[in-house]
Amino acid sequence: MAAIYILWLRELKRYVRSRVQIVVSLGQPTLYLLALGFGFGPVFQKAGQGNYLQFMAPGVVGMTVLFSSVFSGIAMLFDRQFGFLKETLVAPVPRIYIMIGRTLGGATVAMIQGGLILIFCLIAGFRPQHWFAIPAAYLFVAMIAIVFAALGTSIGSVIQDMQGFQLVMNFLVLPIFFLSGALYPLTNLPKVMTWITHADPLAYGVDGLRGVLISTWKFGFQMDLMVLTILAVVFLSAGAWLFSRIQL
Amino acid sequence: MIRVDNLSKTFDKFTAVKGISFEVGQGEIFAFLGPNGAGKTTTIKMLTTLLKPTSGTVELDGLDPWKKQNEARQRFGIVFQDPSLDAEQTAYENMELHGVLYHVPRKVRTIRIEQLLKTFELWERKDDYVKTFSGGMKRRLEIARGFLHTPKILFLDEPTLGLDPQSRNQLWTHVKNLNAAEKTTVFLTTHYMDEADRVAHRIAIMDHGTIVAQGTSAQLKEQTGKESLEGAFLALTGTSLRDEAASSKDQMRQFAAAFRGNRGGR
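Each protein sequence line maps, in turn, to chains A and B. In this text, residue positions in the first sequence follow this note's numbering: the first is 1, and each later residue adds one. In this text, residue positions in the second sequence follow this note's numbering: the first is 249, and each later residue adds one.
It should be emphasised that the hints constitute simulated quantities derived from the structure, not laboratory data. Hints should not be assumed to be uniformly reliable.
Stretch by stretch, here's where chain A covers chain B in the computed footprint (C-beta under 8 Å, at least three residues) [as the list claims (entries may be wrong)]:
1. 287-300
2. 325-335
3. 477-486
Positions of the beta carbon are idealized from the N, C-alpha and C atoms, including for glycine.
Pulled out of the complex, with its shape left as it was, chain A reads as follows:
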């Protein structure tokens, strides 16, 4: 347990200490929120869908958590490159503890980022259906964070270079974001697209957030939670297995 704690704490310290990074990593979602939120607002309104900012704010929260958590896992690449990973790999602690500590640390950081961007959304004019919806939304923030931090750890255990990292960002993380329904409703899409979006893990996270915050559901509370829980178990197991197999 102490090993899990100290590695969790490390991730948190690294986050809190890099103030520039906090600002930088919140910049992108803020840009989406302001540029797209206000930019597409009139079109969305004309289409009879209501206030776009209300619609996309939960999606932007989901996006922030996605990027932050996947990145924390893949940041293992840097630990591999700068050598610190070796220190933990030869430690007399089961690898699974190391993996869990890292993953939970990354997930915690992602949850903080998600919380900060939610505050931004509120400042920008987003209003949840009820203030009590915010703690409930946090349940989904946590689920998204764990699912994708575990996915990040799995990927981070496998890829060894920057090319691999770019590949993952462009062909996995960005599609996960764009096909999640964070920016547009997942209704009346072409059939193929519907299938793809249904296979997107983040779609369930965004749906959960949106449902809890503004009462717009697609899959429903139980379905969202079930899918995310199963994925969390799958990715954590995969991550633990892949991490335990790392050889240098």
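Assemble chain B onto chain A, guided by the hints.
Relative to the frame of chain A, chain B by itself:
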């Protein structure tokens, strides 16, 4: 303390280590020498549970490090060829993290961290981030960290690479003192023959994946009829240059550094 029998490692088609055998006794300082690409680091990785041997057996303090990983890991410390510190944490935090991972009880931890940081002349800088340290200071910190959990064996893989003569001299003095005080078995690799000559009780010379000679420095000199260990080393391993395959890794480092810079310097 270390027993290696017929150890081999094959990567795809390339055999890096070809059935080597040796023993290191308790409290001994054992130097493992060889040109670049001889298989030294691969051997250390197999001894320290980072790489699975293709065949052969390893025993550390009577344990098979691949079967009893955590028990074996508790018994050794290692200073890698490349840095393995967390540059974004302070010297003290690096020590603390190591102590926790190696199950050093809090009280012992506090005392030992202070004692080791003082020995390695880092106590005044304990609350500074490692990224502000010079190469020599980082090395000293890594070695101090290696001793923290009172390992029975300490592996040092080219610990003095890139250090100035002062730092190297001081570093070996500390290692020798701690070896004497704590009876730690030391297994080291280096390219500096004078260092091996000075600190090692026994030396093995490796080339092309096999051990070509082992014994005390005097024995090796006698065997080859040379006056210096360097002369003996060259007589045993030849004078041709060896290829190094590190360029892709160096490229990667630069890329990673640039990437981190973009994100605002993690």
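Each hint, compared with the structure:
1. 287-300: Our answer is that it holds, as 6 residues pass the Cβ test (under 8 Å) against chain A, meeting three.
2. 325-335: Three-residue rule met by the segment 325-335 of chain B, so holds; n is 8.
3. 477-486: violated (count 0)
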